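Asker: With these hints in hand, go ahead and build the complete structure from the sequences.
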Amino acid sequence: MTRTSDRERRRDPARIALYVFLLASAAFFLLPVVVVVLNSLKTMDEIRQGSLLALPASPTFDFWRIAWSSACSGIECRGISPGLFNSIKIAVPAVFLSVLVGALNGYALSQWKRPAADRIMLAITFGLFVPYQCMMYPTIVLARTGGLFGTYPGIVLIHVVYGIPYTTLLFRNFYAGLPDELTKAARIEGASFLQTFGHVMLPLSVNMLVVVGVLQFTGIWNDYFLGFIFAGNENAPMTVQLNNLVNNTRGEVAINVNMAATILTALPTLLVYLLSGRYFVRGIAAGAVKG
Amino acid sequence: MTRSKAPARGLSDMPESGFRPDLVAIGFFLVVALVFYGSLLWTGYLSLTNSRLIPSYEIVGFDQFARLVATPRWRTACVNLVILGAFGIAGSLALGTLLAILLDRDVRAEGLLRSIFLHPLALSLVITGLAWRWLLDPVTGIQSVLRGLGWSSFHLDWLADPDTAIYALVVASIWRSSGLVMIIMLAGLRGVDTDIWKAIRLEGIPLWRAYAQIVLPSLKLTIASCIILLMADVVRSYDLVIALTKGGPGFSTDLPAKFAVDHFFGRANIGLASAASVVILGFVASLLVPYLLIQRKGRA
Amino acid sequence: MTRASVFGGFLAAGLGALAGPASAQSVDVVHYWTSKSESRTINILADAYKAKGGRWIDSAVANFDEAVAVANSRIAGGTPPSAILMNPGSTLDEMTEAGYMRDLGDIAEREGWSKVVPPFVLEKMTSNDQIVAVPLGLHGANWLWYSKKIFEEAKVAPPRTWPEFLEVADKIKAAGYVPLAVGGENWQINYIMSSILSGLGGPDFYQKLYVEHDPAAAASPVVAEGFETLRKLQAYVDEGSVGRSWNETTGLLVTDRAAMQFIGDYVKGEFSAAGKVAGTDYGCVLAPGTEGMYQVYTDLMTITAVDDPDVVKGQDLLVAAVLDPTVEVDMSRSKGSTPGRSDVVSEGLDPCARLGSESLAGARKVFSGPYETLSSDQMGQVTDLVGQFWTDRSMTAEDAATRFAAIFP
Chain A
2 MTRTSDRERR RDPARIALYV FLLASAAFFL LPVVVVVLNS LKTMDEIRQG SLLALPASPT
62 FDFWRIAWSS ACSGIECRGI SPGLFNSIKI AVPAVFLSVL VGALNGYALS QWKRPAADRI
122 MLAITFGLFV PYQCMMYPTI VLARTGGLFG TYPGIVLIHV VYGIPYTTLL FRNFYAGLPD
182 ELTKAARIEG ASFLQTFGHV MLPLSVNMLV VVGVLQFTGI WNDYFLGFIF AGNENAPMTV
242 QLNNLVNNTR GEVAINVNMA ATILTALPTL LVYLLSGRYF VRGIAAGAVK G
Chain B
156 MTRSKAPARG LSDMPESGFR PDLVAIGFFL VVALVFYGSL LWTGYLSLTN SRLIPSYEIV
216 GFDQFARLVA TPRWRTACVN LVILGAFGIA GSLALGTLLA ILLDRDVRAE GLLRSIFLHP
276 LALSLVITGL AWRWLLDPVT GIQSVLRGLG WSSFHLDWLA DPDTAIYALV VASIWRSSGL
336 VMIIMLAGLR GVDTDIWKAI RLEGIPLWRA YAQIVLPSLK LTIASCIILL MADVVRSYDL
396 VIALTKGGPG FSTDLPAKFA VDHFFGRANI GLASAASVVI LGFVASLLVP YLLIQRKGRA
Chain C
2 MTRASVFGGF LAAGLGALAG PASAQSVDVV HYWTSKSESR TINILADAYK AKGGRWIDSA
62 VANFDEAVAV ANSRIAGGTP PSAILMNPGS TLDEMTEAGY MRDLGDIAER EGWSKVVPPF
122 VLEKMTSNDQ IVAVPLGLHG ANWLWYSKKI FEEAKVAPPR TWPEFLEVAD KIKAAGYVPL
182 AVGGENWQIN YIMSSILSGL GGPDFYQKLY VEHDPAAAAS PVVAEGFETL RKLQAYVDEG
242 SVGRSWNETT GLLVTDRAAM QFIGDYVKGE FSAAGKVAGT DYGCVLAPGT EGMYQVYTDL
302 MTITAVDDPD VVKGQDLLVA AVLDPTVEVD MSRSKGSTPG RSDVVSEGLD PCARLGSESL
362 AGARKVFSGP YETLSSDQMG QVTDLVGQFW TDRSMTAEDA ATRFAAIFP
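Chains as they are written, first to last, in this note's numbering: chain A, 2 to 292; chain B, 156 to 455; chain C, 2 to 410.
Worth flagging that the hints you see were computed from the coordinates, not collected in a lab.
Remember, predicted model here, so these are calculated numbers, not experimental data.
Ideal Cβ positions, reconstructed from N, Cα and C, are used throughout, including at glycine.
A couple of the hints might just be wrong.
Some chain B residues judged to face chain C by a derived CB distance under 8 Å, without partners named [said to hold, decoys possible]:
#1 ARG263
#2 LEU311
#3 ALA315
#4 THR319
#5 ARG364
#6 PRO404
Answerer: Here is the structure:
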């Protein structure tokens, strides 16, 4: 493309409208986060007196520090930092297992060429629509029966199991779209199902693994409800502390500290999204698109 | 799709040699069946009892369902689910698709814009709720900012009015979900055969018609999977209500899932909560029928 | 086999799963005291407990409903907490009935609790004829708080009846202030509604409706009159009220922007945090028409049934720490409550606290607040109705009253 044609295109009114719309949309999408960040840098007096979109007069990270290390929830005044390790400890193995289970199950369902497989896929997809909050009680009793309630393996497992519908659906669509010759070739060489999956299919699925991994990481990292019910005291994730801070219905509300705490909790997921950008688009193209 | 390429008969001639996807699939299905369907059956059973704080197993019939139907709050919750579903899904789909089409027109800083549109997906609903609650608050939010700038007649108090508060939830849910639609549709658009575009250019079809009549219809499976994901989000949008309105003002923004959770815990009425859950699952089943039809059609 | 014994068995099996090494005399306490003054209060208790040699595991959850949810989930999951901060009422009764709670009767007898705890409080600690809890403090419910500055400027005195309230509110409005600070959450509206009904109906009506759940009282014209009064109050509320928490709402009184608020006496924590003094900056009276009664909420540390001897020892220690006279006084100072023991001297009470403690000592008839006397399901229905009435201005008081009566069959 030459310089002149580029410049011409830029002057085209339709082009200008396109950019105006995109920028306006970007503003709409960024507004909430901007508000949260701006106000996390202001003192409470400034927040009360000024407009919420005003720039902070003298930006300070004091409230980030308070949110991180000294805000109180219950008798503990250690901010949300103690939950960070728990969140990592839960999210990392849960995401890893969840992706692996989804890939394995998705591949199995794509290879099992019987009507039963379709019916099973449908039955699993149904799980995607179940508000799990509504079936807490039986699940708790199930977890107890397995000796898993309120334990570290328990919370990891519950995330993995609740993730099965979502991860299976995405991976099955992905593998169903790959040419069958790959599997056939492996089978002719006498590879077992697991060998085919591990040696042939997994290495082909990097983009999809990233997509599902990112989606699951976001879901698990941001989960509050399951962590609060199933994780037990010792393993409570960051979001439980965040909730104690933010949803405090009694006592004074320190908006700036709340805002800072929400950003701190959101940083890992934001980072993962930004870093995974290109893989993410490719993976979506490979998987989710093929309904 | 795949089935047509590789008929099962051809493969069955090969030695079975431990290539057993069925075992793996059945194994995982049993786990899902136990956790999801086991819990659902149990919930169904409890909905026929008058369990309060602690489950009771004495069946009393359909009393809980009768009470549910007679409860104004439940009816409001169901209407809200329909509003949120219709406008939220339509809005996310429209905005997401539009953004995808525009981004596909060879724009600068595509990566940056894409990240901006996608980032709400990374944020927890706590932050979403906090931020939107603030922006839409008539005293601290956009209304006061614009009035402060001199636009004194500006009016934006959706959250304060029971008739409009549900639309605040619609806005927040569009904000949250459009990015996902955008990225899926973008991937779909990139996959459209270049020959189709060549033909469009040759025929001189105006761009908007090309999209409306040729390109988007060719992506109907992609659109269907967007709708499925959005629907799943709507049915489970408990967290969003909690974060944004807690169901208020009054119970004007209540949703069935919140109704059920409130009755499970705070209200200590497991029987009624279970009945509510059963009805929610009825909704779900009715949503899955169109999905099935679309899938069947797509495959045929 | 009954449900209770099934769960009793699960309780027995559960404690082994409690994470971490079990040290001697530990308690795991589920509570919802997470605000500044609340966590200060729970810390007083935790420190006293630790000083006696126990190990305190803190399970703080942001609000009451969630705390009960987590406690019940843990009981169902076989890892019950050792103690739960709760209020008396239907939920506690059901838990006791199911065998979840520990009977403290033998300790009570040994230590002679009936001599140091007033009968009213002892009754609150009792559920299904078992003593299952110890009192952390008592809060008065039927209060009206007001800004002294605005009252002086508008030249009005605290209203003593509901018609008087409306007159006072008009004068305050004319003086350019928000007459009534309301947080537009359903429970806060309902808080006002129960003050209205108490004031219009008087102590006997309160007893019949809220304590005895008498259908005739629920169908009486007082209820419709109450809804009409509630509707009139809407003219005195500011536009930022929707969804506002009670303490943000108190902020309007602290900054002298609004004149009055109906809320429990835990509000004093908010005033004192802002450096405001009772009797000087803000005043307190009982809600219009309720001078003859004092409605009380009791914060209880309820003790669960567990088998692990170390936890049982820890619970014994916790019970002793709660009832320690110094701890009782310190906690009530910190939280603005009245101690659960009658034999402790608390000096230097502010005028509001004095009125409360005189009431408890017999100056007026003492009742439990509506949230304790109605079942959580019934209270929930009332709250939904009142919240709907408040937001839906087309609903008539008669319609609301009819639906109110239907909640009390």
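Asker: Run every hint past the structure and note whether it holds.
Answerer: Hints, one by one, checked against the model:
1. Among the interface hints, the one on ARG263 of chain B is violated; its C-beta lies about 41 Å from the nearest C-beta in chain C, farther than the 8 Å criterion.
2. Hint status for LEU311 of chain B relative to chain C: violated, with the closest Cβ pair at about 12 Å, above 8 Å.
3. Of the supplied interface hints, the one on ALA315 of chain B holds, with its beta-carbon coming within about 4 Å of a beta-carbon of chain C, less than 8 Å.
4. For THR319 of chain B, the interface hint is violated, the least distance from its beta-carbon to any beta-carbon of chain C being 11 Å, above 8 Å.
5. At its closest, the beta carbon of ARG364 of chain B sits 46 Å from a beta carbon of chain C; the interface hint therefore is violated under the 8 Å criterion.
6. The criterion of a C-beta within 8 Å of any C-beta in chain C is met by PRO404 of chain B, whose closest approach is roughly 4 Å, and the hint holds.
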